[in-house]
Amino acid sequence: MTDVSSHPEESEEDPLVRVSGLTKHFDNSSGLLGSYEFAPDGLSFPFTHNPETVRAVDGVSFEIEQGETLGLVGESGCGKSTLARVLLQLLSPTDGDIHFQGENLAELSNEALRQRREDIQMIFQDPQSSLDPRMKIGAIIEEPMEAHGLRDATGREQRAKELLESVGLEPQYYDRYPHEFSGGQRQRINLARALSVDPDFVVLDEPTSALDVSIQAQILNTLQDLQTEFGLTYLFISHDLSVIRHISDRVAVMYLGELVEVGDVDRLFEDPRHPYTQALLSSIPVPDPRSRGERSVLHGDVPSPINPPSGCRFRTRCPALIVPAEYDISDSEWADVRELIRAVDRRSFDADSVSHIQEQFLDGRLTDTRCQEVVTEAIEHTVADEWERATELLQTEFAEKSVCAETAPSLDSITGEPTTDRRVACHLHGSEGEPIQHE
Amino acid sequence: MSDTPLLKVENLKTQFFTEAGTVRAVDGVSFTVERGEIVGLVGESGAGKSVAVRSILRLIDSPGHIVGGEITFDGKTVVGFEDEPGTDGEPTRREEMLTNTEMRSQIRGSEIALIFQDPMESLNPVFTVGGQLRELIELNRGLSKQAARDRAIEILREVGIPQPAERFDDYPHQFSGGMRQRVLIAMALGCEPKLIVADEPTTALDVTVEGQILDLVYDLQDKYDASFLWVTHDMGIVAEICDRVNVMYLGEVVERASVDDLFYNPQHPYTEALLNSIPRPDQSTEDLQPLEGAMPEPINPPSGCRFHDRCPEAREVCQRTHPDLRTVTEAGQYAACLKHDAFEAAYETSRPLTDESPAAGGDRRE
Ligand SMILES: Nc1ncnc2c1ncn2[C@@H]1O[C@H](COP(=O)(O)OP(=O)(O)OP(=O)(O)O)[C@@H](O)[C@H]1O
Ligand code: SF4
Ligand code: SF4
Ligand SMILES: [Mg+2]
Chain A
1 MTDVSSHPEE
11 SEEDPLVRVS
21 GLTKHFDNSS
31 GLLGSYEFAP
41 DGLSFPFTHN
51 PETVRAVDGV
61 SFEIEQGETL
71 GLVGESGCGK
81 STLARVLLQL
91 LSPTDGDIHF
101 QGENLAELSN
111 EALRQRREDI
121 QMIFQDPQSS
131 LDPRMKIGAI
141 IEEPMEAHGL
151 RDATGREQRA
161 KELLESVGLE
171 PQYYDRYPHE
181 FSGGQRQRIN
191 LARALSVDPD
201 FVVLDEPTSA
211 LDVSIQAQIL
221 NTLQDLQTEF
231 GLTYLFISHD
241 LSVIRHISDR
251 VAVMYLGELV
261 EVGDVDRLFE
271 DPRHPYTQAL
281 LSSIPVPDPR
291 SRGERSVLHG
301 DVPSPINPPS
311 GCRFRTRCPA
321 LIVPAEYDIS
331 DSEWADVREL
341 IRAVDRRSFD
351 ADSVSHIQEQ
361 FLDGRLTDTR
371 CQEVVTEAIE
381 HTVADEWERA
391 TELLQTEFAE
401 KSVCAETAPS
411 LDSITGEPTT
421 DRRVACHLHG
431 SEGEPIQHE
Chain B
1 MSDTPLLKVE
11 NLKTQFFTEA
21 GTVRAVDGVS
31 FTVERGEIVG
41 LVGESGAGKS
51 VAVRSILRLI
61 DSPGHIVGGE
71 ITFDGKTVVG
81 FEDEPGTDGE
91 PTRREEMLTN
101 TEMRSQIRGS
111 EIALIFQDPM
121 ESLNPVFTVG
131 GQLRELIELN
141 RGLSKQAARD
151 RAIEILREVG
161 IPQPAERFDD
171 YPHQFSGGMR
181 QRVLIAMALG
191 CEPKLIVADE
201 PTTALDVTVE
211 GQILDLVYDL
221 QDKYDASFLW
231 VTHDMGIVAE
241 ICDRVNVMYL
251 GEVVERASVD
261 DLFYNPQHPY
271 TEALLNSIPR
281 PDQSTEDLQP
291 LEGAMPEPIN
301 PPSGCRFHDR
311 CPEAREVCQR
321 THPDLRTVTE
331 AGQYAACLKH
341 DAFEAAYETS
351 RPLTDESPAA
361 GGDRRE
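Line order of the protein sequences matches chains A and B.
Read in the UniProt record's numbering, the first sequence has 169 at position 169, and its numbers run on one by one without any break.
Read in the UniProt record's numbering, the second sequence has 318 at position 318, and its numbers run on one by one without any break.
Read the hints as simulated data drawn from the structure, not as lab findings.
Don't take each hint at face value.
Label-pair restraints from in silico Cβ distances [to be verified]: (1) T396/A x Y218/B: 33 to 39 Å; (2) L108/A x V126/B: 48 to 54 Å; (3) N300/B x A139/A: 40 to 46 Å; (4) E52/A x S144/B: 26 to 32 Å; (5) D175/A x R94/B: 51 to 57 Å; (6) D271/A x D222/B: 40 to 46 Å; (7) D175/A x A20/B: 21 to 27 Å; (8) E229/A x D222/B: 49 to 55 Å; (9) R290/A x D222/B: 17 to 23 Å; (10) E229/A x E121/B: 40 to 46 Å.
Here are some chain A residues pointing at chain B (derived, C-beta under 10 Å) [stated by the list, open to error]: (11) L131; (12) G183; (13) H239; (14) S242; (15) L298; (16) G300.
Note that the Cβ used here is the ideal one computed from N, Cα and C, for glycine as well.
Start from the sequences, fold in the hints, and give me the full structure.
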């Protein structure tokens with residue numbers, strides 16, 4: 001039915017897509033922010049106008065093999081959609097390379113790039129606004145073929161009707177208008193349109209998020225059928241972990257512009273290694289009343305991508321933040337101190353008396369006297385209503401002395417994992433870490 | 001009085017009179033919320049969940065009207081009509097039915113708090129977050145301005161707003177979506193309502209933020225003994241927080257069950273289909289079995305059982321006979337499906353509707 005185009009220059013070992021060190025920064029003052037999904041950190045004005053850089057995507061590397069589905073998951077504002085747009089050449093990267101079928105997209109001539117645009121298609125979340133209401137379904141599906149000068153009019157019509165059937169619609173819909181169709185049907189029309197130019201690779205950005213569960217299930221099944229029929233490769237972006245688990249072969253987890261874990265879908269869901277992946281997975285309410293209460297909660301908000309934390313970007317919320325090497329305190333003592341640091345930062349308690357606060361957060365005095373001194377001093381500050389000084393003290397004496405703050409963990413294979421496929425960016429997992437790249 | 005339900009909705013009918021025809025958005029819906037309970041209202045988009053909860057608060061705007069039924073809340077009549085229509089054929093309000101002014105002063109915001117999917121529906125963008133909360137507390141609890149301010153900061157802290165005193169004078173747009181939702185919960189707390197009605201409050205939020213909000217719900221229930229009516233389409237949330245659940249389809253409640261029965265022993269084919277179409281986060285699902293088609297418009301609902309054109313168990317009798325909601329198990333589970341003996345509908349002997357049936361004439365995929 002279709003010719004899965006082959007490219008002679010493609011070598012056997014090359015993945016279909018290889019992204020290395022991909023980076024996209026937005027200059028906050030240039031107005032680009034308007035189109036940028038953006039999570040405020042909860043501690044500062046969300047849309048600041050200082051001319052700082054939004055580090056939307058920062059040094060992301062991954063590969064996608066021919067025929068597989070890579071799921072990209074992360075919370076809103078973590079950079080998923082920006083990454084997709086850079087990949088599709090809708091935005092130019094600040095740094096890094098994208099190789100498609102062995103070719104570096106940045107080095108292609110205009111003509112070759114045009115050809116590549118045909119091979120890479122995209123489906124967006126909102127099926128309502130992505131179809132021109134004045135155009136008939138047939139014309140909508142044929143538009144990309146026309147733009148790329150494929151087939152004659154009869155050929156295009158025939159192809160459009162075939163595609164309508166492939167995506168589970170009736171060929172008679174060819175002459176109808178978008179308003180006659182439901183959200184799920186419109187998403188199928190989008191699919192037919194994207195497939196009309198025989199792409200190899202389809203980027204799907206939250207394609208089912210606006211749909212009801214029963215319609216979502218229909219679309220997910222159709223996507224899987226089409227993948228088999230046309231030999232497609234997918235990058236499937238979603239914040240919905242259940243959907244990601246269902247559709248993906250491999251999964252990449254993103255936090256604040258960086259990948260924190262990549263791996264085979266079942267291994268990643270059954271044995272998540274990065275503290276963020278663990279927290280994400282354990283926060284989902286499971287559709288089973290008998291596993292109630294097994295959820296755990298990740299506290300705090302995602303920090304601003306304008307000034308991401310030094311070292312590991314997850315460290316301000318990480319439940320496993322590593323104790324500074326110079327202190328000699330037990331794990332449970334450190335857990336208490338960690339709680340205190342964050343509670344002071346959020347000013348989430350009523351600072352009445354030093355002894356009361358000490359009791360509330362700590363189980364007796366800390367064994368390391370230096371630690372206890374710092375804690376006492378910080379608590380005294382809070383009681384004196386000097387929250388800022390308390391925060392600063394705890395940050396400099398504890399949080400910033402952790403290896404997690406000093407060095408950024410790199411996304412590396414982990415020890416004890418049978419395949420090299422699983423990569424995690426966390427100091428708990430044996431990677432050496434790199435020197436700090438930014439403050 | 002405490003053995004009567006806190007909220008009782010009986011045979012509620014709400015319709016929209018549009019150019020295209022009468023939209024029977026809520027068509028004879030009944031359910032209750034007991035004190036201290038979290039009751040779920042679930043169903044697909046357009047099933048009538050929001051119209052039902054807005055009817056409870058009498059927040060239906062023209063061309064919509066509550067045309068029938070009875071709603072009592074804590075002994076007060078929120079909706080109640082005379083048996084006989086008036087001379088103009090319109091339903092006549094019974095005398096004890098609360099006036100619009102009484103709804104505003106006695107019920108909304110004070111006795112029943114509302115939390116919408118979009119918190120900006122309830123927050124005024126031109127006033128500070130703290131100011132709005134303080135004023136609410138002042139009015140509802142008769143505190144002085146300073147005492148109300150202190151209480152407001154305390155509540156903001158309780159719902160997890162970081163640096164509550166410093167952020168008191170921020171405007172709503174300076175808060176993230178998750179924080180705004182927490183502010184609404186804070187406002188709900190500020191007036192200590194008996195019932196909190198939440199219409200998809202976490203749908204627009206990330207899963208970690210959603211988790212924070214769900215935890216807050218438990219705390220609130222513990223601390224203030226609040227009851228909840230929780231609208232959602234997310235079966236994960238249903239499983240996590242609800243005590244009892246009502247499943248809606250095309251303007252009707254088609255199943256009512258305790259949360260455990262709903263998941264482990266569903267009695268309506270629609271409930272079963274919903275459960276079979278969700279991918280699971282905790283196990284790999286090989287095949288999703290989606291329902292075919294999509295829910296029809298409530299302008300001209302299908303005859304007989306409204307689900308018959310999509311139901312995998314539909315039989316010929318289902319096209320003719322409309323099932324009401326009845327007890328179908330010993331445990332007191334309710335379903336509106338003719339396959340149960342309670343309906344005595346000769347379902348067993350009726351001819352199954354196969355794909356050649358008239359209902360399959362059009363495109364059945366959507
Ligand atoms: N103002 C209105 N005018 C006409 N029809 C309306 C109006 N408001 C709601 N409806 C119709 O009433 C029906 C029920 O809508 P409702 O919003 O209650 O559904 P819902 O279950 O809350 O869906 P969702 O999950 O999308 O929130 C729908 O068919 C809707 O189109
Ligand atoms: S590097 Fe440190 S802060 Fe980052 S995830 Fe690992 S333990 Fe947590
Ligand atoms: S009454 Fe018939 S069509 Fe309706 S749910 Fe039951 S079996 Fe299905
Ligand atoms: Mg709704």
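For the hint 33 to 39 Å, verify it against the beta carbon of T396/A and that of Y218/B. 36 Å, holds
So, S242/A near chain B? Judge it on the closest CB pair being under 10 Å. 4 Å, holds
Cβ-Cβ distance between D175/A and R94/B: within 51 to 57 Å? 54 Å, holds
Measuring from beta carbon to beta carbon, are E52/A and S144/B in 26 to 32 Å? Cβ of E52/A to Cβ of S144/B: about 43 Å, so the range 26 to 32 Å is violated.
Take a look at whether the Cβ-Cβ distance between E229/A and D222/B falls inside 49 to 55 Å. 53 Å, holds
Could you say whether the range 40 to 46 Å given as a hint is met by the Cβ separation of D271/A and D222/B? Violated, at about 34 Å.
When you take the CB atoms of N300/B and A139/A, is the distance between them in 40 to 46 Å? Violated: the Cβ-Cβ distance is about 31 Å, outside 40 to 46 Å.
Starting from the hint 21 to 27 Å, judge whether the C-beta atoms of D175/A and A20/B obey it. The hint (21 to 27 Å, Cβ to Cβ) holds, given that D175/A and A20/B are roughly 23 Å apart.
Restraint outcome when G300/A is required to lie within 10 Å of chain B by C-beta distance: 8 Å, holds
Chain B contact restraint for L298/A - C-beta distance below 10 Å: 4 Å, holds
Verify the CB-CB distance for R290/A and D222/B against the hinted window 17 to 23 Å. 22 Å, holds
Interface hint for L131/A, Cβ within 10 Å of any Cβ on chain B: At about 15 Å, which exceeds the 10 Å cut-off, the nearest Cβ of chain B leaves the hint on L131/A violated.
Hints 3, 4, 6 and 11, counting from the list given before, are not met by this structure.
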